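So the protein sequences, as listed, match chains Z and B.
Counted the way my numbering counts, the first sequence spans residues 2 to 384.
Counted the way my numbering counts, the second sequence spans residues 18 to 279.
None of these hints come from the bench; they were simulated from the model.
Keep in mind that the hints are not guaranteed to be accurate.
Quick list of the computed label-pair ranges, beta carbon to beta carbon [stated by the list, open to error]:
hint: 1; chain 1: B; residue 1: P172; chain 2: Z; residue 2: G122; range: 25 to 35 Å
hint: 2; chain 1: B; residue 1: E173; chain 2: Z; residue 2: S41; range: 45 to 55 Å
hint: 3; chain 1: B; residue 1: P172; chain 2: Z; residue 2: A42; range: 27 to 37 Å
hint: 4; chain 1: B; residue 1: Q158; chain 2: Z; residue 2: G122; range: 15 to 25 Å
hint: 5; chain 1: Z; residue 1: P38; chain 2: B; residue 2: A237; range: 32 to 42 Å
hint: 6; chain 1: B; residue 1: A160; chain 2: Z; residue 2: E155; range: 19 to 29 Å
These numbers come from a predicted model, not from an experiment.
Quick reminder that beta carbons are idealized off the backbone N, C-alpha and C, glycines included.
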Amino acid sequence: MRMNGRFGRFGGCYVPEILVPALEQLEAAFLDAQDDPAFSAELNDLLANYAGRPTPLTRCRNLSGNIYLKREDLLHGGAHKTNQVLGQGLLARRMGKTRLIAETGAGSHGTATAIVGALLGFETVIYMGSKDIERQKLNVFRMELMGARVIPVESGGRTLKDAINEALRDWSASFETTHYLLGTAAGPHPFPTMVREFQRMIGREARAQILEQLGRLPDAVVACVGGGSNSIGLFADFIDDPVRLIGVEPAGKGLDGAEHGATLLRGRPGILHGAETYVLQDEEGQIDETWSVSAGLDYPAVGPQHAYLKESGRADYVGCTDAEALAAFKALAENEGILCALESAHAVAHALKLAKAEPDSAVLVGLSGRGDKDVAQAQALLA
Amino acid sequence: MSRYAAMFERLNGTGAFGAFLMLGDPDLQTSARLLDAVVEGGADMIEVGIPFSDPVADGPVIQAAAQRALSSGVRVGDCFDLIAAFRARHPDVPVGILTYANIVVARVGFMRDAAEAGADSLLIADVPSLEAEPYALEMKQAAIEPVLIAAANTPESALKRIASMSEAYTYCVSRAGITGTHAGGQFDSGLVQRLNAAGAPPPVFGFGISTPNHVRAALATGARGVICGSAIVDLARSGGDVAAFVRALKDATRERVVTAMD
Chain Z
2 MRMNGRFGRF GGCYVPEILV PALEQLEAAF LDAQDDPAFS AELNDLLANY
52 AGRPTPLTRC RNLSGNIYLK REDLLHGGAH KTNQVLGQGL LARRMGKTRL
102 IAETGAGSHG TATAIVGALL GFETVIYMGS KDIERQKLNV FRMELMGARV
152 IPVESGGRTL KDAINEALRD WSASFETTHY LLGTAAGPHP FPTMVREFQR
202 MIGREARAQI LEQLGRLPDA VVACVGGGSN SIGLFADFID DPVRLIGVEP
252 AGKGLDGAEH GATLLRGRPG ILHGAETYVL QDEEGQIDET WSVSAGLDYP
302 AVGPQHAYLK ESGRADYVGC TDAEALAAFK ALAENEGILC ALESAHAVAH
352 ALKLAKAEPD SAVLVGLSGR GDKDVAQAQA LLA
Chain B
18 MSRYAAMFER LNGTGAFGAF LMLGDPDLQT SARLLDAVVE GGADMIEVGI
68 PFSDPVADGP VIQAAAQRAL SSGVRVGDCF DLIAAFRARH PDVPVGILTY
118 ANIVVARVGF MRDAAEAGAD SLLIADVPSL EAEPYALEMK QAAIEPVLIA
168 AANTPESALK RIASMSEAYT YCVSRAGITG THAGGQFDSG LVQRLNAAGA
218 PPPVFGFGIS TPNHVRAALA TGARGVICGS AIVDLARSGG DVAAFVRALK
268 DATRERVVTA MD
């Protein structure tokens, strides 16, 4: 490896030996591409003219306080996921791979991978927990429409964690022809760094937009954290600013019980899916089954840079329950005419709390995705 | 002399046969009996899994074995007890632990407990040579021999690290992929030669060993042994005669004498 792949003590490359050369190849391709103007030109063209960047920054007109929404929900594909799959798709082509595999929770990353598979002509296979398939049937069809094959994963809790296990197993046998298009800023090096860099424009754009609209930096930047890619993308360009960074974890049915996915709040350091990071686990190191109303946040580990931002005190992490997220989902729809993803609703919920506590603060919220995929679920839950 | 070194000396050039079982699969009592059965069948060394909820290097057979053990409530301490009892019954058979990093880091004093139970080596499936140094040091301080994996695609720089850090044997992965999903591997004599040239501990092939012909093919590369896992675990699950199965594979190791010139 050319980089050290650590964020303080967190990160690293904890994979079976057989996968190390594939990760070294990926790191080399990523670093070489960073220095290649032709790569940047093609990526920027796709981001602008295919995906629809830059995305707007919307000031909430009716919700009280000073809330600004970074509208990744308006990106092609309906979530921030599209940003980084375009980057990784171009890298996969650069490495001569012909097949993409990916895991998906809510289906957003699977959909994004199916998009880039169709666009750049890859055979595309998506691993998805069978429980998530039940929760997100429409997204499965969406992926299949774009030519991806969706493989149900029946092991473990049948959610995102198990889909990642299965994708890693596939990759152990297929890395010569296949790129594992990991969907978040977690996993083994170089994924946490690479995915952050391919999501960094969220914060870069938002920073310039809020400086233009508000004339100053926001007081707080708030984003939901599952694996942590939209939040790290939003945070990255604010890390050196005097701005509070707040990650919102899924508190599910409450942080005092077992049914949540609040890794940084209730987990402890461990090693899962290639990285040393915070992990929800029992005292023996067996991984907990997690819970969140939003499949995309239902994950027992977290990107290692978030573990570092927590331990260094640079970012704060808070929880938001299913009920609070649903209330925020509804409030945003009723007041602003925006249906956001249940994942993003966690960030909105915390922003609403902040706006109430400190009405003069400007709060920048990462609205990571749109809520079309969640409408049926919300209908059942709000009934 | 370590139990592994004594075993290789005792075998005098014939291949070592390693049998893998998941500790606590399907319960502690059956597991203890299966450990004895593989020794009765002629296994020279025992590799035991400590179950982990998310075993990414394992195929369906070993995944299911880990799940059975965890479902029956087996804990890490129980696994050490099984090893200690095995050690009391079989003082000379080398015992290697195979598990995952999170199980090791979750338990303060894992290496010491493993050594006290009588284990000889430890292979952590998701700690590649790139990350292995602090683990290998801790193992050596506890008198546990580190075992690392080498594959055909492992570059020279990594083989050097493996050679310098590991003891006992080198676990050679016979093909890309995970444990147990395809019968037979490509047994790469180039890998064996490269490991020998790097001064690595004796190469032993795992992954894809389930018939006497696989054993012969693996040993024909000059490897010093083989490890059979999924086939034994699957047979045990279905109630087959594990000792007889091991005996047939062990017999195949006696057919060819590996010399230092190979």
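Hint by hint, here is what the structure shows:
| no. | hint | verdict |
| --- | --- | --- |
| 1 | B/P172 to Z/G122: 25 to 35 Å | 30 Å, holds |
| 2 | B/E173 to Z/S41: 45 to 55 Å | 34 Å, violated |
| 3 | B/P172 to Z/A42: 27 to 37 Å | 33 Å, holds |
| 4 | B/Q158 to Z/G122: 15 to 25 Å | 53 Å, violated |
| 5 | Z/P38 to B/A237: 32 to 42 Å | 52 Å, violated |
| 6 | B/A160 to Z/E155: 19 to 29 Å | 41 Å, violated |
This entry does not satisfy hints 2, 4, 5, 6, going by the numbered hints stated previously.
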